[in-house]
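**Q** Since the structure of chain A is already known, use the hints to place chain B on it.
Listed below are the residues making up each chain.
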Amino acid sequence: MLKYIIKRLAMSVLILLGVSLIIYFLIRLMPVDFIQDKINAINQGGATVSEETVNAMYEMYGLGDNSFLGILKGYFSWLGALATFDLGTSFVYGIPVADVIFDHMGISFAIALIATIFEFLIAIPLGITAAKHQYSLRDYIVTVLVMVGISLPSFFFGQMLKDFLALKLGWFPASGLIDATASNSGLALLGDYAMHCFIPILTIVILSIGARMRMTRTNMLEVMNSDYIRTARAKGLKEKVVINKHAFRNTLIPMVTSLAGLLPSLFSGAIITEQVFDLPGLGNIALDAMNRGDIPFIMGYNMFLALLSVIGVLLADLMYGIVDPRVKLE
Amino acid sequence: MSKIKNANRLTGKEVRAIAKQNKKIIRKLEAYKNRKAEETEYLGHMSKPENILEIDNLHTYFFTEQGVVKAVNGVSFDIPKNTTVGVVGESGCGKSVTSMSVMRLVQGPTGQIYSGSIRFNAKLDNGETKVYDIAKMPMDDIHKIRGNQIAMIFQEPMTSLNPVFTIGQQLDEVTFINHPEATKEDAKAKSLEMLDLVGIAMPERVYDAYPHELSGGMRQRVMISMALASDPRLIIADEPTTALDVTIQAQILDLLRDLKTRIDGSIMLITHDLGIIAEMADYVVVMYAGRVIEKGPVSEIFHNPLHPYTIGLQKSKPTLSSDSDTLFNIPGNVPNPVNMPNHCYFKERCGKCIGKCSGEYPRMIEVTPNHFVACHLYGKED
Chain A
0 MLKYIIKRLA MSVLILLGVS LIIYFLIRLM PVDFIQDKIN AINQGGATVS EETVNAMYEM
60 YGLGDNSFLG ILKGYFSWLG ALATFDLGTS FVYGIPVADV IFDHMGISFA IALIATIFEF
120 LIAIPLGITA AKHQYSLRDY IVTVLVMVGI SLPSFFFGQM LKDFLALKLG WFPASGLIDA
180 TASNSGLALL GDYAMHCFIP ILTIVILSIG ARMRMTRTNM LEVMNSDYIR TARAKGLKEK
240 VVINKHAFRN TLIPMVTSLA GLLPSLFSGA IITEQVFDLP GLGNIALDAM NRGDIPFIMG
300 YNMFLALLSV IGVLLADLMY GIVDPRVKLE
Chain B
0 MSKIKNANRL TGKEVRAIAK QNKKIIRKLE AYKNRKAEET EYLGHMSKPE NILEIDNLHT
60 YFFTEQGVVK AVNGVSFDIP KNTTVGVVGE SGCGKSVTSM SVMRLVQGPT GQIYSGSIRF
120 NAKLDNGETK VYDIAKMPMD DIHKIRGNQI AMIFQEPMTS LNPVFTIGQQ LDEVTFINHP
180 EATKEDAKAK SLEMLDLVGI AMPERVYDAY PHELSGGMRQ RVMISMALAS DPRLIIADEP
240 TTALDVTIQA QILDLLRDLK TRIDGSIMLI THDLGIIAEM ADYVVVMYAG RVIEKGPVSE
300 IFHNPLHPYT IGLQKSKPTL SSDSDTLFNI PGNVPNPVNM PNHCYFKERC GKCIGKCSGE
360 YPRMIEVTPN HFVACHLYGK ED
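Just so you know, the sequences run in chain order A and B.
So the first sequence is residues 0 to 329, counted in numbering that gives the first Met the number 0.
So the second sequence is residues 0 to 381, counted in numbering that gives the first Met the number 0.
FYI, nobody ran anything at the bench for these hints, they're computed from the structure.
Virtual Cβ for every residue (Gly too), placed ideally from N, Cα, C.
Treat the hints with care, as some may be off.
As the list claims (entries may be wrong) - Distance ranges between label pairs, derived from CB positions:
1) D226/A / E359/B: 37 to 47 Å
2) D324/B / L328/A: 51 to 61 Å
3) I14/A / S214/B: 35 to 45 Å
4) N56/B / R325/A: 39 to 49 Å
Unchecked claim - Lysine to any residue pairs mimicking SDA-like chemistry, simulated, CA-CA at most 20 Å apart:
5) K237/A / D230/B
6) K161/A / F171/A
7) K237/A / Q168/B
8) K22/B / E64/B
9) K27/B / D138/A
Said to hold, decoys possible - Derived coverage of chain A by chain B (criterion: at least 3 residues anywhere in the stretch with Cβ under 8 Å from a Cβ of chain B; other residues may be distant):
10) 218-227
11) 232-239
12) 242-249
13) 318-329
Isolated chain A (complex conformation):
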């Protein structure tokens, strides 16, 4: 088992190298120019910047040479810094990228974790009932509702919820993370966070239930038609035990694969939802960095997600070995 994990981790390093190379080249080819934007801003302020200063700035940020070799050189200098666990300094914030990520990760993680927990708590029982009463009225109602949920885009649905719950009814604050007019602390501060996060979490939960519910339903139906479920019934087990023990244990197997995608999404932040509710989460920051050409941050952020993805897949494989005795890891 240990040998398997080490082997997989060694392979992960190679994958990450490939990922970083691709991302770096893509970013360098992106039509945003941090320096140009900065100079434009200075020019608008009335001052002029000399050609030499501009060139010096490009050199300083390591963006001077846009030829293939220049980009390759830039990549290796980034990689060299990474080898000493240095993700570089963010262009926009002027502080180390790792610090920017960790500063904004908390809020994204909290929202994603709570949303995911609710998503599972609601979607799995719904999927099981829908499967148990296939083609019944209950199945149709659940299916239609979650399909509506899947189909709504988050920028639209989030905005609608915000408009209704926050602006019309005034039950919740419309945006931001804290109430700037009050100076709360301790439990009151936590309550303030909760109030601000309620609508974003609600949005994410409603939009994500659908996929997981459909998955649970499909898996459950497949398992319910299998021979061993018939055997379990023939033994004289109560229907509840048949479903909750014999069938559910088997639907867990495909569900574990989907956990692989869950780990990065817990940390990545919900880019659009955070945008709609103006939350200072990682997703919001990342989108901003993308617009402004903050190369070190984009690299750091994407590598962070790539690392989480690789770990997620490894964890999913390990989990497979636990939930399915037919799988042997070696």
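**A** Same frame as chain A, now just chain B:
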């Protein structure tokens, strides 16, 4: 351009009409299945006290999109105590659905017991006997007979065990269902005893194994031990040897024969293999297209088959003594199950048709004691 009229293709209108009708009937039958009922509602009387199971005019239908498939269409036969009753017939004749009906395992909502009764003489733990009509039992009460009174062995040992639980966990469960007060050690002891009984060499090791680690024959033994663990009065074996190779088949059959004396109960053996019937059964029920066409003691059926279909079945069995190059086969196919004709279902394939065969479906006639046949050839002139 002319439209090709296909008799098997339904128009949209017809499909909708069928769906509407099916929905109505299914809803009624499902409600009946899921109702709460007092025990007195489904208590009955055996017509002969020596029987353990009496299937009486059973109809099990599948309400499909193409129409109603009458998989079991008025089947009646008895299983006396301490006997093996073999049910034979070709694929799709309704023999498996009959056994599933007895276990109430017919897959709803499409599959439903439409009418008829399945009377079972149950012996309760306190020694009392009660006659339950299984067809009328609500699903909530089915655990009174399923598993503990009637156990079933399925034809697919490879897929009939749950892949994520060990053999031990799945066997122990049976003991816990019947004796909720049993401890973990009791259950294990019982499971090991059962594994030993079915001839598994290393019960301890198999107990901790997962199904995928065992061969097909081993799994079928485990299935049999699972059926035995609850001391049932009736074991239904649905083609227990079909998926196994010949040497394992012989071993499993020996085991089953041994069982009958051990549990002092009856076996309902479903198969399409006449050789197995000859070897195992005391009584034989021959089914064709959802109906029983002939039934009687095994020696009668083999030495004096009456129905042309039974005779054809006998002839199509390969024998070593024959020097023919080709096997005999009954010409034609089983009629379309959706639209069964009103006359004898075998008429189109039968070589001995008489004028009466175009008339209504033949009744069961007792030709010699206990030997019944549904064929106009043997009808009294009236």
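**Q** Decide, hint by hint, whether the structure agrees.
**A** Evaluation of the provided hints:
1. The hinted window of 37 to 47 Å between D226/A and E359/B holds, with their beta carbons roughly 40 Å apart.
2. As the Cβ distance of D324/B to L328/A is approximately 54 Å, the hint placing it in 51 to 61 Å holds.
3. Separated by about 40 Å at the C-beta atoms, I14/A and S214/B satisfy the suggested range of 35 to 45 Å.
4. At about 45 Å, the CB distance of N56/B to R325/A agrees with the hint of 39 to 49 Å.
5. At most 20 Å may separate the alpha-carbon atoms for a hinted pair to count; K237/A and D230/B meet this at roughly 19 Å.
6. At roughly 8 Å between alpha-carbon atoms, K161/A and F171/A fall within 20 Å of each other, so this suggested pair holds.
7. For the proposed pair K237/A and Q168/B, the alpha carbon gap of about 16 Å is at most 20 Å, so the pair holds.
8. Distance hint between K22/B and E64/B is fulfilled; the C-alpha atoms sit about 11 Å from each other, no more than 20 Å.
9. For the hint pairing K27/B with D138/A, the CA-to-CA distance comes to about 19 Å; that is within 20 Å, so the pair holds.
10. Counting residues of the region 218-227 of chain A whose beta-carbon sits less than 8 Å from any beta-carbon of chain B gives 4, enough to reach three: the coverage restraint holds.
11. A count of 7 residues in the region 232-239 of chain A with a Cβ less than 8 Å from any Cβ of chain B is obtained; the coverage claim is therefore met, three being the minimum.
12. Coverage of a stretch by a chain is defined here by at least three residues with a beta carbon nearer than 8 Å to that chain's beta carbons; for the region 242-249 of chain A and chain B the count is 3, and the condition holds.
13. Here's how the region 318-329 of chain A fares: 4 of its residues keep a CB closer than 8 Å to some CB of chain B, so the rule of at least three is met and the hint holds.
Violated hints are absent here; each numbered hint is respected by the structure.
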